[in-house]
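2 protein chains.
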Amino acid sequence: MKNWIKADDNYNVVLSSRIRLARNLREIPFPDKLSEETGKDIVKNIEDAFYSSSYTEENYKSKYLWMNEELTNRAYYEKHLISHKLLGNYKKSAFILDNDEVVSIMLNEEDHIRLQCITSGFNLDETYDLANKLDNLLEEKLDYAFDEKLGYLTACPTNIGTGLRASVMLHLPALSMNNEMVRILNVVGQVGMTIRGLFGEGSKAEGDLYQISNQVTLGLSEEEIINNLKAVVAQIIDREQWSRQQLMKGYKYELQDKVYRSLGVLRSAVLLNSEECLNLISNVRMGVEMGIIKDVDVQVLNSLLVETQPATLQLISNAKLSEKDRDFSRAKLLRKSLGGNDLD
Amino acid sequence: MKNWIKADDNYNVVLSSRIRLARNLREIPFPDKLSEETGKDIVKNIEDAFYSSSYTEENYKSKYLWMNEELTNRAYYEKHLISHKLLGNYKKSAFILDNDEVVSIMLNEEDHIRLQCITSGFNLDETYDLANKLDNLLEEKLDYAFDEKLGYLTACPTNIGTGLRASVMLHLPALSMNNEMVRILNVVGQVGMTIRGLFGEGSKAEGDLYQISNQVTLGLSEEEIINNLKAVVAQIIDREQWSRQQLMKGYKYELQDKVYRSLGVLRSAVLLNSEECLNLISNVRMGVEMGIIKDVDVQVLNSLLVETQPATLQLISNAKLSEKDRDFSRAKLLRKSLGGNDLD
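Residue numbers (this note's numbering), protein chains in the order written: chain A, 562 to 905; chain B, 562 to 905.
It is possible that some hints are incorrect.
No copy is singled out in the list; a pair is fine if it fits within one copy or between any two copies.
Only pairs whose alpha carbons sit at most 27 Å apart, straight line, appear in this in silico DSSO-like list of lysine-lysine [as the list claims (entries may be wrong)]:
hint, residue 1, residue 2
1, 791, 567
2, 885, 813
3, 594, 702
4, 855, 897
5, 885, 810
6, 813, 881
7, 881, 694
Please keep in mind that the hints were generated in silico from the structure rather than gathered at the bench.
The following block holds chain A by itself, in its conformation from the complex:
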């Protein structure tokens, strides 16, 4: 299974598949109730359980948010490796990361354990198998808070039961252009799913990127949750592909124009804010996926989704940057990555 950012396959429409399991330790208060000291003890306990095999010891490492610079932590967030909530708990939170950055086991997020796997492409079954394997490994050594009737207990009742959230990140430029997204959002809501933007809950769908995930965690098996999501996502993919074909049939030149201009601007702008950048990358991605643009790699576009975010951008530039300086550095990075003008 491949890291979604580094994958070099051209996965049309689907960027990544994500599985997240919420788990807690029995008879220990939920993280928000823990002092910094006890919180760190919990981190230590879970680490001991996890690193008890030589396999995990070699392939995983722990990151302690309380020891990092804020920018470093924010850059992990921008890579989708940790959540906003984990950042908020930075005085007592940590995460365990594999070498490929596919697995991230967040400790002292909203729950004691938030085990997540994100892989490239439309790949929910395999991703779930990996998460399940790691969950079993932890469960062997730890005493999970589990109720025979309710299932896994969680800090927020919306996660109770399986503690499973499965999600798929989709790139839906044609459906956005067609104004079909409102209808799709309604339909998806009616079948117990939810759609969010690039950075999850509360984030706008910048760059035509949408995360669709299950809303219900209780009363369904893990398999049912995943199969339902797969069915809905498959339909949305079909609809997006169909809409792209329709656009190409009816508006070929307009589509080429939009796509090539976007690439032209990314290759030449000197100042570029985050929102415009995501939207232009979206257009170029569509162009690449539709075979209109042939000299740009989708992998480069994935990397740029992350590298153009504020914290990562500052880490790459090795400097604290004001908003305007970031717009300048972002544009410079884009020109360099996409073979544009060199101003220096």
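Assemble the complex: chain A is given as a structure, and chain B must be docked to it using the hints.
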């Protein structure tokens, strides 16, 4: 003296200088009153007078609007070689053109003779000398309508007296950005001058191109008219240069951004309408003149000002084109001329 479109010098701010003399033949009704047949006789009379020397016979040729396709005539208009009025009189109008396309003597425009010279750069004196020389040549052979008190008589009283209109085509992007043009328009009006767009009377100042010319033709000598215009134009040039420097000091990145994005779009668009095209060319021209862009030639931009116009574009493409097809061909021409994407 050079043709303004083909000149390879980089004339900052000033694109061209133009002198136009209005003349009529004594005791012959003005062109609007002439039948087609009599109109053509007048053309013949003036031609006979003009081609009486071997010099003019070798270096000039006549173009008869009634013999040309409409597109061909319109393309001369787009090159600024003939006026809208001459096009309207196409059933009896003609013009005499020199090999360099600097001189155009329009016959049966509003007046029997509209002698114009357009040269590259800020060059009114030399341009007037040339027009004057040709005017003398005609006056030797023809009986001009001339009144001792009023001077040259013309169809419209606004041209009476010297019959002289001197004008300079200016590129004023910085003054446009600064919103200083309104003030300048007022000031210029107060000193008896007028400002118009790229295509003269009634045309908008697309592409930040402005023609400034004398309003008054009566009561001043030719020399006074030209010197007044030169003084006003020199001030506007200074002001534009100063504004560019201020922009560069205060908004360097924003300026670079505007200029490079414009070039990026011109090099990548697939559909481009005439107005956007002129505006983007204006930004690129400013970039070239300010030394921001180094790999684009001003001469190419001059040619594009003409070649991207509807009739010329259709002649180049050798096809009748709908508006959308023109947008497509215009974009293609731009990409080719500026070293952009090749989609084929």
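Could you tell me which of the hints above the structure violates, numbers in ascending order? Hint check: 7 fails alone, others pass.
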